[in-house]
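**Student:** Residue numbers (our numbering), protein chains in the order written: chain Z, 1421 to 1643; chain R, 424 to 674.
Among the hints, erroneous ones may be present.
With the C-beta cut set under 7 Å, the calculated list includes, among others, these residues of chain R facing chain Z [to be verified]:
hint : residue
1    : D468
2    : H469
3    : V554
4    : H557
DSSO-like cross-link-like pairs, simulated, lysine-lysine; straight-line CA separation at most 30 Å [said to hold, decoys possible]:
hint : chain 1 : residue 1 : chain 2 : residue 2
5    : Z       : K1591     : Z       : K1503
6    : R       : K642      : Z       : K1503
7    : R       : K476      : Z       : K1448
8    : R       : K452      : Z       : K1484
On the chain R side, residues computed to face chain Z include the following (Cβ under 8 Å) [what the hints assert, rightly or not]:
hint : residue
9    : D467
10   : L494
11   : F498
12   : D499
13   : F548
Because the hints were derived from the structure by calculation, they are not lab data.
Don't be surprised by glycine CBs; every beta carbon is placed ideally from N, CA and C.
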Amino acid sequence: MNELVEKIGHCVERGKINKASPFPGNMKGQDGADELTRQALEAGMDAEAILQSCIAGMVRIGEKFGRNEVFVPEMLMAAKAMKAVTEHLKPFFQSGSVQAKGTLIIGTVAGDLHDIGKNLVSMFIEGNGWNVVDLGVDVKPEKFTDAIRKNPRCVVGLSALLTTTIASMSKTVREIKALFPEIKIIVGGAPLTMEIATGMGASGYARDPQGAVTWLTDIKETA
Amino acid sequence: MIESALPQVERENGLFEVAVDPKKCTASKKEMERLLGYSDNRIDDHFSREIDKVLSGMADRFAVRAGYRLLEVRFDAQRHDGFFVGDRFFVTQRIVAAQMKNAEKAALFACTIGPAMEAWSRRSFRDNDPVTGHFIDTAASDAAEKAAAVLHDHIGLIMAGGGLKITNRFSPGYCGWSVAEQHLLFSFFPENFCGISLTESALMVPVKSVSGMIGIGAKVKRKDYPCDQCGRKECARRAFKKESTSTKGRV
């Protein structure tokens, strides 16, 4: 792989957004994902190769998170660096020469107003090359089904923090599956376990952002 | 731990509001680092500076409102899944019921740090600064939990004055006690008590609020949470308990 392209992936992994960014301390003053992506594209480098290098960077930071070597703040900085790259890649996404891995429709289910966990997961999944449609909090089942109609090949992610909203999540899963039986649904949030997720008919469960990315990668590979 | 009981006002018979100093509910820098997962001083300077900003900025951003109601407790020998508080039966399930055994009274409590920290965190996320948003949210959750701890200690000191002891505090949604009983618990409070309201799904608004029950009596004990008796591995209470040894930041 080209050295510049590799460096972009490294910036994403380390969360180095641009030259002005003070994070990480040991890369202060160096060009970041923003400048390096611009240079790479100006030099005619392949946008798809840049994207793949960045996704590999996101996978590496996700693995470090799984090993407790980094924490949520580093993951967020990596997602921000990835966003800086994708801003440059937008024209390539629009022309179709670079493609998102898929579309995830995400929201906190009706009755629940918690959104921090959902936002973190959403940023991380977006950083891993997915197009994310965030429906916000207190989302009723019909809002999910409307969004699925507009994005028929999507995957759906449901979040809840309260045990009382598990019933609301089950209802949302049921209503989505009744209209779109083929749609895959991943659920997450503090009161959930794999057993509860399976019981309500969800296709998958993740306990953290990296778990969600791994699940999404798996279903894409087996599709 | 507070050294002496705090000022309190009796709003109506058995219903008290307590003045809690927000400074007692603000995490130290070290505590924040630990809550975020950094237990061995390897936090980046940038994050360290952002934490400083959040801790210094939060002082003016929240006020604590806290209160409790004292009620008689009665047990039904035929039932082990709960007990009467006042004239209502709480189905707390066995873990909480066992801890409340021997209680003569219960203090039903609620406290909040208000909506401002939540709004500040949301604004940071919206302004493309999720790291600060995450730090604010972490500090706010901790402040609400600290407010509950201060209120707990205060109730303990008041009761100790009358020769009574207290149990640990228990909240709907933990230790097998259904969060739906939040509605029953709040039925003992006047509307909008301490500025807290409940949604249909039992969510407290403002979100950074804590409610629950503390047992009171001559023979009760304040024991640690019996997490080994509960199946919920992802429970936030368990995470709090493990905080001192954990290296993983909570989302």
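**Student:** Within a Cα-Cα threshold of 30 Å, do K1591/Z and K1503/Z meet the stated pairing?
**Tutor:** The given pair, whose Cα atoms are some 34 Å apart, is violated under the 30 Å limit.
**Student:** Closer than 8 Å between Cβ atoms is the bar; does L494/R clear it against chain Z? Give me holds or violated.
**Tutor:** 24 Å, violated
**Student:** For the hint on F548/R, just tell me whether its beta-carbon gets within less than 8 Å of chain Z.
**Tutor:** 6 Å, holds
**Student:** Answer holds if the nearest beta-carbon of chain Z is closer than 8 Å to that of D499/R; otherwise answer violated.
**Tutor:** 25 Å, violated
**Student:** When the nearest CB of chain Z is found for H469/R, is that gap smaller than 7 Å?
**Tutor:** This interface hint holds because 4 Å falls under the 7 Å limit.
**Student:** For the restraint on D467/R, tell me whether the closest CB of chain Z is nearer than 8 Å.
**Tutor:** 5 Å, holds
**Student:** Using the nearest Cβ pair, does H557/R come within less than 7 Å of chain Z?
**Tutor:** 6 Å, holds
**Student:** Once the shortest beta carbon distance from V554/R to chain Z is found, is it less than 7 Å?
**Tutor:** 5 Å, holds
**Student:** Does the structure keep K642/R and K1503/Z at a Cα separation of 30 Å or less?
**Tutor:** Violated. K642/R to K1503/Z sits at ~59 Å, over the 30 Å cutoff.
**Student:** Taking 8 Å as the limit, does the beta-carbon of F498/R come near enough to a beta-carbon in chain Z?
**Tutor:** 25 Å, violated
**Student:** Holds or violated: K452/R and K1484/Z, Cα atoms, limit 30 Å.
**Tutor:** 24 Å, holds
**Student:** Verify the proposed pairing of K476/R with K1448/Z, using a straight-line Cα cut of 30 Å.
**Tutor:** Holds - the C-alpha atoms of K1448/Z and K476/R are around 20 Å apart, at most 30 Å.
Checked against the numbered hints given earlier, this structure breaks hints 5, 6, 10, 11, 12; the rest are met.
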